[in-house]
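**Q** Sequence:
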Amino acid sequence: MKKKYLLGFLTACLWGTGMLSAQTAVSDTLKFVFKLHGQTRRYQVVFCQQGENIQMNWGIERNLRWQSGSYTMTPEALKNGKQLCFLQPEDGNHLTLSSLETAYVLPQKALQELKEKGSMEFNRTVYDRVADESEKNAGRPLLHVVDRHEGGEMWIWDNSSLPVVWRMKNNPLEINWQVEVK
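Per mature numbering (1 follows the signal peptide of the UniProt record, and there is no 0), the sequence shown runs over residues -24 to -1, 1 to 158.
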């Protein structure tokens, strides 16, 4: 009987976050591990297709309580976006980002520019591709780029349908993260 209640509870939780009502854009639940000022936060993330949009559903257990929300990215942002959204996740917030912003995903135009030219302009910053022998993580090919002026680094999943920023290091905002497959 307890198993039925637990299963029902988990289904209700996932339904409430939108994780059951959409087709999953990435087949794995990802764990984004953020480090900022000596603190570490581990968010569970699922990217889902919601009509023409991609919704990033996130969740974290904090203070013995499950917190969740989402960021929705428009087709225009996913194609031609100019900047990453660095808004801190807040419990219960379900935000639709502007057509200029993506959340933890590189727009397709920037990925194409990076692959064709070896550099890209994104977030008002020029990034150059760096040859890196360790450009794989969990079997996924990664593209390593470095900011020309401040030394920020990103590792981007080389996936034209959803190029997730897999890792960020030396970010001038000091918001660094690493994605792990759960």
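Source of the hints: derived by calculation from the structure; they are not laboratory data. Possibly wrong hints are sitting among the right ones.
Derived Cβ-Cβ restraints for the label pairs, each shown as a range [unchecked claim]: (1) Gln26 with Ala107: 30 to 40 Å; (2) Gly115 with Pro148: 46 to 56 Å; (3) Val9 with Asp67: 12 to 22 Å; (4) Val102 with Trp42: 12 to 22 Å; (5) Asp67 with His13: 13 to 23 Å; (6) Asp4 with Leu63: 19 to 29 Å; (7) Ala107 with Asp4: 23 to 33 Å; (8) Thr16 with Gly115: 33 to 43 Å.
Here a beta-carbon is modelled for each residue, glycine too, at the ideal position from N, C-alpha and C.
**Q** All the hints need checking, so say for each whether the structure fits it.
**A** Quick rundown of the hints versus the structure:
Between Gln26 and Ala107 the beta carbon distance is about 37 Å. The supplied range of 30 to 40 Å therefore holds. Between Gly115 and Pro148 the beta carbon distance is about 31 Å. The supplied range of 46 to 56 Å is therefore violated. Checked against the hint of 12 to 22 Å, the C-beta distance between Val9 and Asp67 comes to roughly 19 Å, which is consistent with it. In this structure the supplied range 12 to 22 Å is violated for Val102 paired with Trp42, their Cβ-Cβ distance being about 40 Å.
Between Asp67 and His13 the beta carbons are some 20 Å apart, a value that agrees with the proposed interval 13 to 23 Å. Under the hint 19 to 29 Å, the C-beta atoms of Asp4 and Leu63, about 24 Å apart, fit the expected range. The hint said 23 to 33 Å for the Cβ distance between Ala107 and Asp4, and at roughly 27 Å that hint holds. A hinted range of 33 to 43 Å for the beta carbons of Thr16 and Gly115 is inconsistent with their spacing of about 25 Å.
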